[in-house]
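S.K.: Here is what each chain is made of, one letter per residue.
Protein chains: 2
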Amino acid sequence: MTYANVPGGICAPQGFKAAGVKTGIKSQTKEDVAVIYSEKATVAAGMYTLNKMCAAPVVVTKRHLADGFGRAIVINSGCANACTGDQGLKDAIVMAEETANGLGIHPMDVAVASTGVIGTFLPMDKVTSGIRQAVAALSIEGHDTAMRAIMTTDTFVKEISIEFPLGGHVVRMGAMAKGAGMIEPNMATMLGFITTDAAINPAILKKALHAAVERSFNAITVDGDTSTNDMVVVLANGMAGNPLIETEGADYDAFYAALEYACIYLSKLIVRDGEGATKFLEITVQGAKDFADAKIAAKSIANSPLVKTAFFGQDPNWGRIVAAAGYSGAEMEQSNVALWIGGHQIVANGKGTGFTGDALKQVMAVRDIAITLDLGVGAAQATVWTCDFSYEYVKINGEYTT
Amino acid sequence: MTYANVPGGICAPQGFKAAGVKTGIKSQTKEDVAVIYSEKATVAAGMYTLNKMCAAPVVVTKRHLADGFGRAIVINSGCANACTGDQGLKDAIVMAEETANGLGIHPMDVAVASTGVIGTFLPMDKVTSGIRQAVAALSIEGHDTAMRAIMTTDTFVKEISIEFPLGGHVVRMGAMAKGAGMIEPNMATMLGFITTDAAINPAILKKALHAAVERSFNAITVDGDTSTNDMVVVLANGMAGNPLIETEGADYDAFYAALEYACIYLSKLIVRDGEGATKFLEITVQGAKDFADAKIAAKSIANSPLVKTAFFGQDPNWGRIVAAAGYSGAEMEQSNVALWIGGHQIVANGKGTGFTGDALKQVMAVRDIAITLDLGVGAAQATVWTCDFSYEYVKINGEYTT
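Here the protein sequences come in this chain order: A and B. Counting in the numbering used here, the first sequence runs from 1 upward without gaps. Counting in the numbering used here, the second sequence runs from 1 upward without gaps.
Note that these hints are calculated values from the structure, not bench results. Any given hint could turn out to be false.
Each pair may be met inside one copy or between any two copies, as identical chains are not told apart.
[As the list claims (entries may be wrong)] Below, in silico cross-link-like pairs of lysine to aspartate or glutamate (DMTMM-like), each with a Cα-Cα straight-line distance of 20 Å or less:
no.: 1; residue 1: K206; residue 2: E260
no.: 2; residue 1: K361; residue 2: E246
no.: 3; residue 1: K289; residue 2: D67
no.: 4; residue 1: K62; residue 2: E333
no.: 5; residue 1: K207; residue 2: E260
no.: 6; residue 1: K30; residue 2: E141
no.: 7; residue 1: K90; residue 2: E333
Make the full structure from the sequences, and use the hints.
M.R.: Structural data, given as structure tokens:
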């Protein structure tokens, strides 16, 4: 399904405003504090990093959105507020309180997100004055400055806004994300914020977000490193007037399809923005026992440095792909394994077809390459997206904080 | 404990001979087929790749050594005999049969190992004539040509031979390994062969090998990729005359200590031979719930491309180390976490100590660096060894087969 694009990013759905301001946390010339706000109360859901060293804002947002309701999001870039102990938790709570005070809402309805260097404390004077400025500057046009405020090493803006029919009404959804393919250390954090004027209850919104993130933000990988600060939050304020989505069914399906579409769209942009990346790889594993197994195998291929450097160098060394699936833990039947690269069959029944060498090198010369591996044991499939490892990757990641 | 070095490599223990010959599988100028032989029957144990796409020789060797007895090992380099289907299995069996015929022993007493490119068939005429030549050339001095025959991108020979007291007798152990830190694609295979004249029963030998490999060959990593062909085999012929080791106790401990010492010695050499590596990193995770958890966390740090590029670039970005432990799945208590790099404490109670920036950069400037992370939940620890990711890594792995 394709969707009608509308302008406005996260402010495209009815009732949402945003703003981003420059406070000097990151530099004097770039926005680094943003506020997103709904004029009516919202249903809210979040998905968070599974990293056990999770940052203070993740702890606070989990707590604040646990009841399934929210109203606003406050975000800073330039400092991750991670590995900051009790002081970090206090600072994240102050961010929520300052935002709530300015908006006249409850602090428990504010989600907090941070991205930047680990192990340093937030400069709270800059953060709080930034929040006050952002609250004062909230507008429908503010999606643009808000988007810029969450960027770190992103080289382009990542946002989308669409509208679609739902229960006889027109529903809008806006979304923005940051992340240069987890390719920039510590700034690696992936943040995603989604707004919608759909009417939906908390439990079913949570279910939809989990499923969509599993097939989008959690299906991209650049180097397998998971940030301390990753977070995706969705706010839904019901202003579109559609009949409340409370169960699975046609309305849920329409909502879910749009949500997945927006999340996959942004996820692919994150991979494309991997600094140093020269290839965009779509890796599909099929013939798997179940979705989880398919995804484990696809991620193992996507994270293999040997596979990633092979694509960078256009080295027709396809054995690395099947070997990476082989050590992934996914079930596979060696004598049934099949592999296609760029539509050409490379392996059939576990043996090379002879399509290799210069012919395969030619196929690997383009930027966008589809890889399909059949594990030969079932009917499930999963797709992940990744990029290659280049000289630039090593350079960028060896020179970051210094 | 330190050990008395003796000459002779894998031929240092009584009763062992070896030879390596040039057959042209790899090139006309390098040895590529080797045979190792014990003049008396040996107890034998093996550990094998867990890769589900395991190569034909792995399948065959598992079967041949399943009874706990062996006598000889035949190895070729230049072709992995992986992803070769039924033909590959037949070829591996012929390698065992040819070796057995030449030596007048049973084919089931021959272990078979291969290393090289995936997806091509063995040139069996060269392999079988090579085996005949190698059998004819067996000698005590042959450890040197045998060692060269298993090398692929190794830039130096990796062997050790030691002697030590055991039950009132002098026991010898020899060992050789190949592997350039799993840094060279498909040639990434790690092979290890250990000989000893100790008298030990099959069950306890297997137990010792498993424990030693877990703390040595399975504790090194360059890029996390596991080969289709990895294998470690030990042969023990009992000619030292020590009382048979049948249970745990002082004799077992002496044997195990020597085995672990030899395995760790070779494992470290493999990491040091990582092409493109500029750093040797010893990563110890302590304060873990159990050994498995400590090792999971240590390997997660060792395999993180962000950590590896940081050490290459001497980037004092310590947040990457704790983040990598955080997403490893190991249990940790954030507020107890401590980190030391090169003996300097970087994190205490989950927070930065302030030792960072230029001071830390200085610590990272040397070649050998010890990293210790305390997870703050228990008393177990594990150590792994790895190297950094450099420009050379990308170059080597992007240009290999072409």
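S.K.: Quick one: K30 to E141, C-alpha cut-off 20 Å, is that within a copy, between copies, both, or neither?
M.R.: within (17 Å within a copy, 69 Å between copies)
S.K.: Please sort K62 with E333 into within, between, both or neither, judging by C-alpha distance up to 20 Å.
M.R.: between (41 Å within a copy, 18 Å between copies)
S.K.: At most 20 Å between C-alpha atoms: does K90 with E333 qualify within a copy, between copies, both, or neither?
M.R.: Between copies, since 19 Å is at most 20 Å while 53 Å is not.
S.K.: When no copy is named, should K207 and E260 be tagged within, between, both, or neither for a Cα gap of at most 20 Å?
M.R.: within (12 Å within a copy, 50 Å between copies)
S.K.: Is it within a copy, between copies, both, or neither that the alpha carbon of K289 lies no farther than 20 Å from that of D67?
M.R.: neither (36 Å within a copy, 33 Å between copies)
S.K.: Taking 20 Å as the upper bound on the Cα-Cα distance, should K361 and E246 be classified as within, between, both, or neither?
M.R.: neither (51 Å within a copy, 55 Å between copies)
S.K.: Within, between, both or neither: how does the pair K206, E260 come out at a Cα-Cα threshold of 20 Å?
M.R.: Classified as within; 13 Å inside a copy, 51 Å across copies.
In summary, the numbered hints that this structure violates are 2 and 3.
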